[in-house]
Amino acid sequence: MTNHWVDIKNADVVLVMGGNAAEAHPCGFKWVIEAKQHNNAKLIVVDPRFTRTAAVADLYVPIRSGTDIIFLGGVIKYLLDYDFINHEYVKNYTDFTFIVREDFNFADGFYSGWDSDKNTYDKASWDYEKGPDGFVKTDPTLKHPRCVGNLMKKHYAAYTPEMVERACGSPRDKFLQTCKLLATCCATDRVATMLYALGWCHHSVGTQNVRIGAMVQLLMGNIGAAGGGTQALRGHSNVQGLTDLGLLSNQLPGYLTLPNDPEQDYGAFIEKRTRKPLRKNQMSYWQNYSKFHVSLMKSWWGAAATAQNNWCYDYLPKHDKQYDVLQQMDMMFNGEMNGFICQGFNPLATVPDKARTTEALSKLKYLVVMDPLAVETAEFWQSHGAYNDVDASKIATEVFRLPSGCFAEEDGAIVNSSRWLQWHWAGAKPPGEARLDIEFMSELFLHLRKLYQTEGGAYPDPILNLSWPYAHAHEPTPEEIAKEYNGKALVDLADPKDPTKIVRKAGEQVAGFGELKDDGSTACGCWIYAGCWTEAGNAMARRDNSDPTGIGQTRNWSWAWPANRRILYNRASCDLAGKPFNQSRKLIEWNGKTWSGVDVPDFKADEDPANGMGPFIMQPEGVARFFGGGSMAEGPFPVHYEPFESPVGYNPLFPDKKDAVNNPAARVFKRDRESLGKKEEFPHVATTYRLTEHFHYWTEHSHLNQVVQPQQFVEIGEGLAKEVGVKAGDWVKVSSNRGSINAVAVVTKRIKVMQIEGKPVHHVGIPIHWGFKALGKPGYIANTLTVAIGDANSQTPEFKSFLVKVERA
Amino acid sequence: MPLQSLDIRRRSATTIQPPAARVEAIPEVAKLIDTTKCIGCKACQVACMEWNDLRDEIGINAGVYDNPPDLSSQSWTVMRYAEYENPKGDLEWLIRKDGCMHCDDPGCLKACPSPGAIVQYANGIVDFQEENCIGCGYCISGCPFDVPRISKKDKKVYKCTLCSDRVAVGLEPACVKACPTGCITFGRKDQLQHDAAERVVELKTRGFDQAGLYDPQGVGGTHVMYVLHHADDPTLYSGLPKEPKISPFVRLWKGAVKPLALGAMAFVALAGFLNMVRGGASETTAKDEEAAQREKEKMHV
Numbered sequence: 003m004t005n006h007w008v009d010i011k012n013a014d015v016v017l018v019m020g021g022n023a024a025e026a027h028p029c030g031f032k033w034v035i036e037a038k039q040h041n042n043a044k045l046i047v048v049d050p051r052f053t054r055t056a057a058v059a060d061l062y063v064p065i066r067s068g069t070d071i072i073f074l075g076g077v078i079k080y081l082l083d084y085d086f087i088n089h090e091y092v093k094n095y096t097d098f099t100f101i102v103r104e105d106f107n108f109a110d111g112f113y114s115g116w117d118s119d120k121n122t123y124d125k126a127s128w129d130y131e132k133g134p135d136g137f138v139k140t141d142p143t144l145k146h147p148r149c150v151g152n153l154m155k156k157h158y159a160a161y162t163p164e165m166v167e168r169a170c171g172s173p174r175d176k177f178l179q180t181c182k183l184l185a186t187c188c189a190t191d192r193v194a195t196m197l198y199a200l201g202w203c204h205h206s207v208g209t210q211n212v213r214i215g216a217m218v219q220l221l222m223g224n225i226g227a228a229g230g231g232t233q234a235l236r237g238h239s240n241v242q243g244l245t246d247l248g249l250l251s252n253q254l255p256g257y258l259t260l261p262n263d264p265e266q267d268y269g270a271f272i273e274k275r276t277r278k279p280l281r282k283n284q285m286s287y288w289q290n291y292s293k294f295h296v297s298l299m300k301s302w303w304g305a306a307a308t309a310q311n312n313w314c315y316d317y318l319p320k321h322d323k324q325y326d327v328l329q330q331m332d333m334m335f336n337g338e339m340n341g342f343i344c345q346g347f348n349p350l351a352t353v354p355d356k357a358r359t360t361e362a363l364s365k366l367k368y369l370v371v372m373d374p375l376a377v378e379t380a381e382f383w384q385s386h387g388a389y390n391d392v393d394a395s396k397i398a399t400e401v402f403r404l405p406s407g408c409f410a411e412e413d414g415a416i417v418n419s420s421r422w423l424q425w426h427w428a429g430a431k432p433p434g435e436a437r438l439d440i441e442f443m444s445e446l447f448l449h450l451r452k453l454y455q456t457e458g459g460a461y462p463d464p465i466l467n468l469s470w471p472y473a474h475a476h477e478p479t480p481e482e483i484a485k486e487y488n489g490k491a492l493v494d495l496a497d498p499k500d501p502t503k504i505v506r507k508a509g510e511q512v513a514g515f516g517e518l519k520d521d522g523s524t525a526c527g528c529w530i531y532a533g534c535w536t537e538a539g540n541a542m543a544r545r546d547n548s549d550p551t552g553i554g555q556t557r558n559w560s561w562a563w564p565a566n567r568r569i570l571y572n573r574a575s576c577d578l579a580g581k582p583f584n585q586s587r588k589l590i591e592w593n594g595k596t597w598s599g600v601d602v603p604d605f606k607a608d609e610d611p612a613n614g615m616g617p618f619i620m621q622p623e624g625v626a627r628f629f630g631g632g633s634m635a636e637g638p639f640p641v642h643y644e645p646f647e648s649p650v651g652y653n654p655l656f657p658d659k660k661d662a663v664n665n666p667a668a669r670v671f672k673r674d675r676e677s678l679g680k681k682e683e684f685p686h687v688a689t690t691y692r693l694t695e696h697f698h699y700w701t702e703h704s705h706l707n708q709v710v711q712p713q714q715f716v717e718i719g720e721g722l723a724k725e726v727g728v729k730a731g732d733w734v735k736v737s738s739n740r741g742s743i744n745a746v747a748v749v750t751k752r753i754k755v756m757q758i759e760g761k762p763v764h765h766v767g768i769p770i771h772w773g774f775k776a777l778g779k780p781g782y783i784a785n786t787l788t789v790a791i792g793d794a795n796s797q798t799p800e801f802k803s804f805l806v807k808v809e810r811a
Numbered sequence: 016m017p018l019q020s021l022d023i024r025r026r027s028a029t030t031i032q033p034p035a036a037r038v039e040a041i042p043e044v045a046k047l048i049d050t051t052k053c054i055g056c057k058a059c060q061v062a063c064m065e066w067n068d069l070r071d072e073i074g075i076n077a078g079v080y081d082n083p084p085d086l087s088s089q090s091w092t093v094m095r096y097a098e099y100e101n102p103k104g105d106l107e108w109l110i111r112k113d114g115c116m117h118c119d120d121p122g123c124l125k126a127c128p129s130p131g132a133i134v135q136y137a138n139g140i141v142d143f144q145e146e147n148c149i150g151c152g153y154c155i156s157g158c159p160f161d162v163p164r165i166s167k168k169d170k171k172v173y174k175c176t177l178c179s180d181r182v183a184v185g186l187e188p189a190c191v192k193a194c195p196t197g198c199i200t201f202g203r204k205d206q207l208q209h210d211a212a213e214r215v216v217e218l219k220t221r222g223f224d225q226a227g228l229y230d231p232q233g234v235g236g237t238h239v240m241y242v243l244h245h246a247d248d249p250t251l252y253s254g255l256p257k258e259p260k261i262s263p264f265v266r267l268w269k270g271a272v273k274p275l276a277l278g279a280m281a282f283v284a285l286a287g288f289l290n291m292v293r294g295g296a297s298e299t300t301a302k303d304e305e306a307a308q309r310e311k312e313k314m315h316v
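As given, the protein sequences belong to chains A and B, one line each in that order.
If you're matching positions, the first sequence starts at 3 in the numbering used here and goes up one per residue.
If you're matching positions, the second sequence starts at 16 in the numbering used here and goes up one per residue.
None of these hints come from the bench; they were simulated from the model.
Among the hints, erroneous ones may be present.
Taking lysine-lysine pairs in the DSSO-like style, the calculated list, with each CA pair at most 30 Å apart, reads [said to hold, decoys possible]: (1) Lys176(A) to Lys192(B); (2) Lys219(B) to Lys754(A); (3) Lys219(B) to Lys779(A); (4) Lys751(A) to Lys257(B); (5) Lys167(B) to Lys779(A); (6) Lys751(A) to Lys170(B); (7) Lys103(B) to Lys761(A); (8) Lys779(A) to Lys170(B); (9) Lys754(A) to Lys103(B); (10) Lys452(A) to Lys485(A); (11) Lys103(B) to Lys724(A); (12) Lys729(A) to Lys103(B); (13) Lys103(B) to Lys182(A); (14) Lys751(A) to Lys168(B); (15) Lys192(B) to Lys431(A); (16) Lys761(A) to Lys120(A); (17) Lys182(A) to Lys219(B).
Computed beta-carbon distance windows for the label pairs [claimed, not checked]: (18) Ser239(A) to Gly197(B): 21 to 27 Å; (19) Gly632(A) to Gly197(B): 43 to 49 Å; (20) Thr551(A) to Glu213(B): 20 to 26 Å; (21) Glu164(A) to Gly233(B): 51 to 57 Å; (22) Leu178(A) to Lys192(B): 39 to 45 Å; (23) Thr551(A) to Lys219(B): 26 to 32 Å; (24) Glu400(A) to Asp68(B): 42 to 48 Å.
All figures in this text were calculated on a predicted structure; none of them were measured in a lab.
Don't be surprised by glycine CBs; every beta carbon is placed ideally from N, CA and C.
Based on the sequences and whatever the hints tell you, model everything.
Set out below in structure tokens:
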């Protein structure tokens, strides 16, 4: 979230799209209700299904799954055509006026630089035009045809209400009502927020779905304001913490990145990430990159990390490709990965294309499953009738099960969608032989280290030299680990302005990432968490919910990264002179000497606004980007591409371009390309999702959850039910080209047939949550049906859009 | 605020009124369910089962979201989901938390022949005292909302207590505490009526011209009230009765026929006693059960 849960109450318009907040986030959703009741907010829901969120919405708009970019591109066109933009904001706080390189181009679904033989982009032309000083050229008059604003206008010219109606299936009047309601928020006294979740991410264009949402908000000047922003609602209680700590194959903690294979030189690695300002007097905060990186290396390898060995740069793996879960399964399948440790992960159920996953796991030598529950993955080799039809005699994988504790059995912080690190305390001890994850991982590490010590091995240094400073080596405590993330001084640190003054003694916790150094004098396990556990104690355990201004800025409740800042980009809530655009919900302001207010300023604290520093301090430009440059795999502006399984079969925007149907930058393995079904055989659009009664594949083991939602079902509209010849409660068979499931049919008015490109298209809703280990009534794993192709940037699978056929079972 | 008072106002099948000196000082409580803020998450259902130690069976999906499908001795509250297409052609998903309405003039209590099996507290809560329940099912026929359910396990009747045990110690009912959207609130009835009036004003600005409070006077008002978008037609909400009334049979039973009925009961008791003395309780036959069932069904009229 750019903002936070409580702040939603300040919104005048709430758009829920690519998510179903009432269903998946019922507790946080209270703030939407609060906005409606006490701020007279209007709630808009755009979704293929009339959802639980839609049940309390002022406006519901249906949309075909996988067409969000057409819809939001249409909104952008509307805002630009009718001039519903916040001019002061857009001109000063975004790249709207920046001029793009002359060789940049977009035509027929492809950006300049496309190599159709290699299926890759050369992104060189995706850049601003720069002057001899290295700074970008701009045209504040907006007359230049290649300034970003004009390019954007041209880019979305085809995203008309007519296009929205025929490609998205959204009725024109409903679409225009959405535009009109949103457009009211380009005024400085009104603000809109957007809530999204995996309904945007689970697409082959997922990252661009999120970007285009942010672009709409930028046009209206809603990023940085209280009640504004774009809110990623995290689906798993600590998945925000997971990404913060870099538990992705190409990441390091704090959104630092692992080197690529060609990056063997430390100096070049750092220089590339130390981004120089692209305009005069910009902060470009990543100029501090080396401080965060070196402090991380000191945290991991302690005394072994020295300037001489480039802070253990050689210890870091240099990745040749992304090792996401789809890649991993493909590697297992090809015999390139022999062992697999699943910690709190149930891939048989959660990874797309179950048959593919089963085959991959069957080729492993060993599989370790560390989980509090008897998850399906641990029994992937065992026949459970039709629900898991395998021949155990043909699977040689050895499976080890380690019963672990769950979140309620340990202390620690959980990071919520608001970026708040909320400390919690164990409610009970793990039962029986179960042990906490930290203990398992420590034991595993100590054992491996011992093996390297006694038997040697290839390059044992990273293991042997890993810093392990915990009081009890077998059981590091959450407190010790949290303090390590916060970071500390390794030697006495002097005041940069007065070297005779010591501001931080050796061994003390740092107060924030501003104290971190790249000379080896500080250690910090996750720079964005610096400040969570200082010399003042555990800030995450704070529970003071006083809200002095009444706009929900409870700064002493837990702790938010970065720097306890509750609303990111809050400098952009003020005008050029530093006065809040909206006095009634002001966050910070310039008082002539400093920035201050009810939030921690996201800006240089003493920077006079007259000096022209932009509010988006992480960007080298100092402003927010409509033009994404080379940061995205498929291009600088979001383009609509059809889901890999499309009920249309062509791209409505480029109907004659056969190679521009799907995202050209997506990574597609051969086996998965072959697994795609055709619309003629599988005519219905399916989408998978979660139900409020259940939590992923956990609560299938819980009696009360099963009582309130006892049995696997799929949702179909009345029209499709009639075509198939079933009524509510009958059994249907749902097949894709990868497998089939049987389930009870919930027949509903909430899913309506859509007219797409002149033809009727039915949606099928497929809740996950059931597996062959479910208490009461076992079910089929929904991911039997899904496609193992992901978003071109994140490789997040396209769980939300694929083709099936529904029949009477 | 003495909401927690468990002073008894009324007791089933009891002619002697309980001491009433303090009653007037005790405010009436209510639970307000604002259907316009309900997202149908069923947190209230789960909280109810947890607090009251209820564990219904894991059933089946019958093609709808409603689960368990109906109230039972193990499910004292259930969500009911209705899909309604309004005259404008827009869909509305009307979700209602169903359960005991805690009528101010409770038909169940009036119908109950067993002394003290049903009580009404001074704060308005209607509570079943299962130790006094004889399982006759008269309360079921007396209820204009079809709420009480007989347990197969102990043949006694159960329903929502409005968490009288929690209210007695100053806590809100479990469902209220669990509700994530603030759709269910609890407090003084007069205060909640005021809150509801504010909600109705706001709903009218959002185009719900017929928004209103459901507090039906046919049963003397209720201690569980709804804010409805369509107060003109409560039946849209999975058959919430438009004008609930205590069945004429119960009124008759409590009126003119009562002395006769009491006489008949005395006779039955005497006959039963003689039967016991002579040869012990006899097993009922299937025929007897059927006859009893027919009687019961007749009473539903």
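Structure-based check of each hint:
| no. | hint | result |
| --- | --- | --- |
| 1 | Lys176(A) to Lys192(B) | violated, 37 Å |
| 2 | Lys219(B) to Lys754(A) | holds, 28 Å |
| 3 | Lys219(B) to Lys779(A) | violated, 45 Å |
| 4 | Lys751(A) to Lys257(B) | holds, 25 Å |
| 5 | Lys167(B) to Lys779(A) | holds, 23 Å |
| 6 | Lys751(A) to Lys170(B) | violated, 39 Å |
| 7 | Lys103(B) to Lys761(A) | holds, 25 Å |
| 8 | Lys779(A) to Lys170(B) | holds, 28 Å |
| 9 | Lys754(A) to Lys103(B) | holds, 16 Å |
| 10 | Lys452(A) to Lys485(A) | holds, 26 Å |
| 11 | Lys103(B) to Lys724(A) | holds, 24 Å |
| 12 | Lys729(A) to Lys103(B) | holds, 26 Å |
| 13 | Lys103(B) to Lys182(A) | holds, 20 Å |
| 14 | Lys751(A) to Lys168(B) | violated, 38 Å |
| 15 | Lys192(B) to Lys431(A) | holds, 26 Å |
| 16 | Lys761(A) to Lys120(A) | violated, 35 Å |
| 17 | Lys182(A) to Lys219(B) | holds, 21 Å |
| 18 | Ser239(A) to Gly197(B): 21 to 27 Å | holds, 22 Å |
| 19 | Gly632(A) to Gly197(B): 43 to 49 Å | holds, 46 Å |
| 20 | Thr551(A) to Glu213(B): 20 to 26 Å | holds, 24 Å |
| 21 | Glu164(A) to Gly233(B): 51 to 57 Å | holds, 54 Å |
| 22 | Leu178(A) to Lys192(B): 39 to 45 Å | holds, 42 Å |
| 23 | Thr551(A) to Lys219(B): 26 to 32 Å | holds, 31 Å |
| 24 | Glu400(A) to Asp68(B): 42 to 48 Å | holds, 43 Å |
Hint compliance for this structure: hints 1, 3, 6, 14, 16 are not met, and every other hint is.
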